[in-house]
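Peer 1: Going line by line, the protein sequences match chains A and B.
Each residue of the first sequence is one higher than the one before, counting from 2 in the numbering used here.
Each residue of the second sequence is one higher than the one before, counting from 4 in the numbering used here.
If you are wondering where the hints come from, they were derived from the structure by calculation, not from laboratory data.
Each hint should be verified, as a subset may be incorrect.
Stated by the list, open to error - Partial list, derived from the structure: chain B residues whose beta carbon lies under 8 Å from chain A: (1) P17; (2) L29; (3) D33; (4) R47; (5) H63.
Stated by the list, open to error - Okay, the calculated bits of chain B under chain A, using three or more residues with CB under 8 Å as the criterion: (6) 7 to 13; (7) 36 to 44.
As the list claims (entries may be wrong) - Partner residues aside, some chain B positions facing chain A, computed with beta carbon under 7 Å: (8) H30; (9) A70; (10) P76.
Yeah, the Cβ is synthetic: ideal placement off N, Cα and C, and Gly gets one too.
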Amino acid sequence: MTAESLSRRFQEKIDQEIKIEPKDWMPDAYRKTLIRQISQHAHSEVVGMLPEGNWITRAPSLRRKVALLAKVQDEAGHGLYLYSACETLGVTREELIDELLTGKAKYSSIFNYPTLTWADIGAIGWLVDGAAIMNQVPLCRCSYGPYARAMVRVCKEESFHQRQGFEILLTLCQGSEAQKAMAQDALNRWWWPSLMMFGPPDQDSIHTAQSMRWKIKRFTNDELRQKFIDMTVPQAEVLGLTIPDSELQWDEARGHYRTGSIDWEEFRQVLKGNGPCNTERMAARQEAHDQGAWVREAAQAYAGKHRSQTKKAG
Amino acid sequence: MQSEWPLWEVFIRPKNGLHHIHAGSLHAADAVMAIQSARDVYTRRNEGVSIWVVESIHLHASDPDDADMLFEPAKDKIYRHPTFYELPDEVKHM
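Full structure from sequences and hints, please.
Peer 2: Structural data, given as structure tokens:
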């Protein structure tokens with residue numbers, strides 16, 4: 002079959018909502034786009050453990066501690082689901098990890114911000130996981146089967162993350178003045194970076210149009226961002242917190258909230274590596290990778306020895 | 004030395020009486036580790052009561068290009084389904 006007819010048949014399948022599976026023919030660019038997107042997503046899950054791991058030993062109660070531990074363990078699991086999905090496209094785990102460690106692959110810019118207080122753990126659950134869910138729910142219908150299946154699993158698990166975050170903030174907001182102020186401070190610092198999580202505005206997003214045609218993406222960055230804002234503003238009211246945006250207002254005609262403008266220069270700087278924690282995050286990943294080397298080698302040596310002994314016995 | 008741990012496919016039995024169902028895959032040095040990791044990765048919320056792991060290289064799959072040849076012939080054989088046969092209403096259940 003000619004390349005042209007293969008690619009026509011491919012697009013027909015996509016248009017008919019037939020999922021693409023690993024061994025099916027796919028255009029190179031589709032494969033590359035997916036590898037880039039899924040690996041970035043996987044890296045984000047893994048790096049995302051760092052800001053939260055920072056508070057495990059200092060969680061204010063055992064209840065909060067087991068929840069945070071479970072959440073961080075989930076993030077590791079989500080990273081693994083995603084790496085596995087990515088590997089079905091013909092790239093190895095080692096290559097993927099290598100791209101993260103050398104800085105060739107990106108991860109979500111949000112994880113380059115520090116978790117300064119306990120309220121930040123609440124804000125991450127509520128806002129960062131809330132934004133992630135907004136992004137991930139439509140990805141459950143992504144045209145690539147393994148990615149869609151991984152997303153179904155991730156979304157099922159992620160909803161507890163957001164609720165535990167909101168509960169942390171709710172508790173703080175019902176506490177002392179100082180605790181409420183801590184919650185407000187966390188919202189002040191995490192609000193704008195959370196809005197940036199949806200990526201650049203549509204007119205600057207180079208991948209959106211093609212990804213929509215391939216049904217990798219179902220909504221544009223701005224559409225998802227707007228949905229998130231509309232969902233989150235009333236939740237802030239429940240908490241009694243103020244969104245740090247003096248221009249925020251309900252637009253009756255559009256039926257949406259209108260926000261002030263997002264500082265995209267800050268987003269670009271964080272992506273370029275100039276965020277508050279970029280260096281620290283990468284150093285932590287590199288250190289974990291290096292210090293885990295002997296474990297990987299020992300497990301492999303043990304497995305090898307075991308195999309040769311079984312062979313002899315047989 | 005091989006640089007990566009081999010890939011394993013994980014199958015989980017949700018509860019006794021049901022089949023093991025493919026859950027996903029993971030890397031592990033050997034079968035014992037694959038089962039331990041599968042427990043951590045795929046059964047954190049009571050998803051199963053039993054785990055199978057098989058090294059992915061041992062799985063053989065049909066070629067997607069053969070799908071028509073393999074599966075098309077079954078499509079027009081409606082006489083393999085009970086609804087193809089017409090019975091009088093008096094015969095209530097068969």
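Peer 1: Would you pick out the hints that fail for this structure and give their numbers low to high?
Peer 2: 1, 5, 9 and 10
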